[in-house]
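Q: Generate coordinates for the entire structure from the input sequences, incorporating the hints supplied.
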Amino acid sequence: MKRVVITGMGIYSCLGNGLDAVKESLYNGKSGIVFDPERKEMGFRSALTAKLDVPDLKKELSRNQRVYMPEQAKYAYVATAEALRNSNLDIDFLETQEVGLLYGNDSSAEAVMNSIDTMREKKDTTLIGSGGIFQSMNSTVTMNLACIFKLKGMNLTVSGACASGSHAIGLGTLLIRNGLQDIVVCGGAQEVNPYAVGSFDGISAFSTRESDPTKASRPFDRDRDGLVPGGGAATVIIESYESAIRRGAPILAEVCGYGFSSNGDHISVPNVDGPSRSLRMAIKDANIDIREIGYVNAHATSTPVGDRNEAKAIDNVFGDYKPEITSTKAMTGHEMWMAGASEVIYSMLMMKNDFIAPNINFENPDEDSAKLNIPAKRIIKHFDTFLSNSFGFGGTNSTLVIKNL
Amino acid sequence: MEKEQLIKEINEVLVEEFEVEPEVITPDADIKQTLQLDSLSLVDMVALIESSFKVKIKGTEIAQLKTFGLLYDFIYERIEK
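So the sequences go chain by chain: A and B.
Residue numbering for the first sequence follows the numbering used here, beginning at 9 and increasing consecutively.
Residue numbering for the second sequence follows the numbering used here, beginning at 58 and increasing consecutively.
Hints are computed from structural coordinates only; laboratory data are not their basis.
Be aware that a few hints might be false.
[As the list claims (entries may be wrong)] Dumping the calculated DSSO-like pairs for lysine-lysine here, alpha-carbon to alpha-carbon at most 30 Å:
{"id": "1", "chain 1": "B", "residue 1": "Lys60", "chain 2": "B", "residue 2": "Lys115"}
{"id": "2", "chain 1": "A", "residue 1": "Lys389", "chain 2": "B", "residue 2": "Lys89"}
{"id": "3", "chain 1": "B", "residue 1": "Lys123", "chain 2": "A", "residue 2": "Lys130"}
{"id": "4", "chain 1": "A", "residue 1": "Lys130", "chain 2": "B", "residue 2": "Lys60"}
{"id": "5", "chain 1": "A", "residue 1": "Lys160", "chain 2": "B", "residue 2": "Lys89"}
{"id": "6", "chain 1": "A", "residue 1": "Lys66", "chain 2": "B", "residue 2": "Lys65"}
{"id": "7", "chain 1": "B", "residue 1": "Lys89", "chain 2": "A", "residue 2": "Lys320"}
{"id": "8", "chain 1": "A", "residue 1": "Lys158", "chain 2": "B", "residue 2": "Lys65"}
{"id": "9", "chain 1": "A", "residue 1": "Lys130", "chain 2": "B", "residue 2": "Lys113"}
{"id": "10", "chain 1": "B", "residue 1": "Lys123", "chain 2": "A", "residue 2": "Lys66"}
{"id": "11", "chain 1": "B", "residue 1": "Lys113", "chain 2": "A", "residue 2": "Lys385"}
{"id": "12", "chain 1": "B", "residue 1": "Lys60", "chain 2": "A", "residue 2": "Lys67"}
{"id": "13", "chain 1": "B", "residue 1": "Lys123", "chain 2": "A", "residue 2": "Lys59"}
{"id": "14", "chain 1": "B", "residue 1": "Lys113", "chain 2": "A", "residue 2": "Lys67"}
{"id": "15", "chain 1": "A", "residue 1": "Lys379", "chain 2": "B", "residue 2": "Lys113"}
{"id": "16", "chain 1": "B", "residue 1": "Lys113", "chain 2": "A", "residue 2": "Lys131"}
{"id": "17", "chain 1": "B", "residue 1": "Lys65", "chain 2": "A", "residue 2": "Lys67"}
{"id": "18", "chain 1": "B", "residue 1": "Lys89", "chain 2": "A", "residue 2": "Lys130"}
[Stated by the list, open to error] Some chain B residues near chain A, calculated using beta-carbon distances under 7 Å:
{"id": "19", "residue": "Glu76"}
{"id": "20", "residue": "Gln93"}
{"id": "21", "residue": "Leu97"}
{"id": "22", "residue": "Val100"}
{"id": "23", "residue": "Asp101"}
{"id": "24", "residue": "Ala104"}
Here the structure is a predicted model, which is why all the values come from computation and not from measurement.
Glycine included, C-beta positions come from ideal geometry on N, C-alpha and C.
A: Below, the structure is given as structure tokens:
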């Protein structure tokens with residue numbers, strides 16, 4: 009089995025455009041959450057959302073490249089361009105070598121809506137425009153990235169709800185371990201617009217703490233009342249150790265464990281057993297002593313039930329060993345299909361810079377989070393291994409264990 | 058509408074949609090090359106002309122027009138009707 013290392017990262021997040029900006033925000037416990045009055049007018053129960061601007065790519069991509077890209081493909085382009093640069097992978101290499109692509113995405117709501125609106129209004133499908141079908145599919149992100157970056161290997165979108173980005177990295181790891189790919193561009197992307205999350209708001213999943221947006225997302229806190237939607241894109245380039253050495257790539261860390269499971273239970277409410285199995289599988293796969301884990305990036309989305317059950321699962325697995333545990337969703341909101349990949353990057357930035365970002369808004373624990381070691385303030389700490397959880401609707405669970413190199 | 062005015066308007070919508078410099082659109086210029094049209098973007102050109110000038114045209118008809126000059130004639134005839 010080949011060893012799998014991380015050789016590049018890139019991100020477009022509400023915490024910042026690019027790794028440096030995001031690192032600053034994490035260090036300072038900054039929140040990317042705002043109140044969006046347009047959503048109130050549209051009939052949303054909660055107008056809270058992460059704030060993100062869609063990048064203008066006119067200077068970088070031609071019209072014929074951009075026309076097939078919905079919002080989240082643009083985020084993914086920016087994140088991937090940064091990651092490829094950081095990994096020293098240029099277009100000549102990509103054109104001549106087989107580099108794979110596994111990216112998480114599980115919706116393209118606004119594009120679907122636009123195409124269908126045009127069809128209903130004009131009763132003429134030729135007026136939808138050539139971009140319609142390509143923007144509307146779940147695989148829109150990988151379609152666009154593969155064509156723009158001339159990727160010639162695996163080409164697939166991973167749809168696993170809020171675990172998509174994490175599973176993308178995990179599955180890429182399996183491909184490389186088994187010698188089927190040398191390099192895989194992995195990541196997760198998430199559209200940020202009211203149409204993508206209207207139905208989600210409709211099931212009362214969001215926090216209604218609208219008077220204080222930056223305090224609304226409060227994972228593990230006793231007074232949490234729901235999640236805040238967010239998004240953007242994050243790219244993590246993984247590679248076999250041999251390939252990285254051969255081409256002199258920067259070697260940042262090793263993906264040493266991937267665990268996964270399905271709850272086989274309720275479609276939206278997570279249980280304790282499924283996540284516990286995912287955690288245990290990842291730790292076993294990493295072949296490490298649990299005490300080597302210096303930080304846990306929890307999935308915790310700030311929902312009453314979700315955070316409680318994850319706290320129980322973590323407590324079950326870690327027992328009396330209590331590493332620092334935070335959910336960066338306190339700052340970013342729930343980045344959904346992007347989250348698994350972005351949270352690996354947030355954790356990597358902390359690991360490489362010897363700090364743990366605060367679990368902001370953690371003011372009072374509840375009965376379950378009281379058993380965990382959750383820093384509400386930034387901690388200066390060197391750690392060499394972290395564990396990251398991502399759990400999705402339908403009971404899909406993914407856990408990654410990553411070691412510093 | 059006067060043909061000259063129509064030509065001006067056609068050029069304006071093409072420049073805007075296909076992001077080309079106005080100077081590259083001349084009566085003898087090749088449409089597909091100038092606007093970098095492939096089979097997909099041709100669809101967009103049809104949609105654009107139909108909605109901008111309220112004419113109904115077929116993609117196959119437009120695809121056969123080599124130059125902008127021919128395109129102007131084509132649209133002008135259909136608007137006149």
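Q: Checking against the hints above, which ones are violated?
A: 2, 7, 8, 11, 12, 13, 14 and 15
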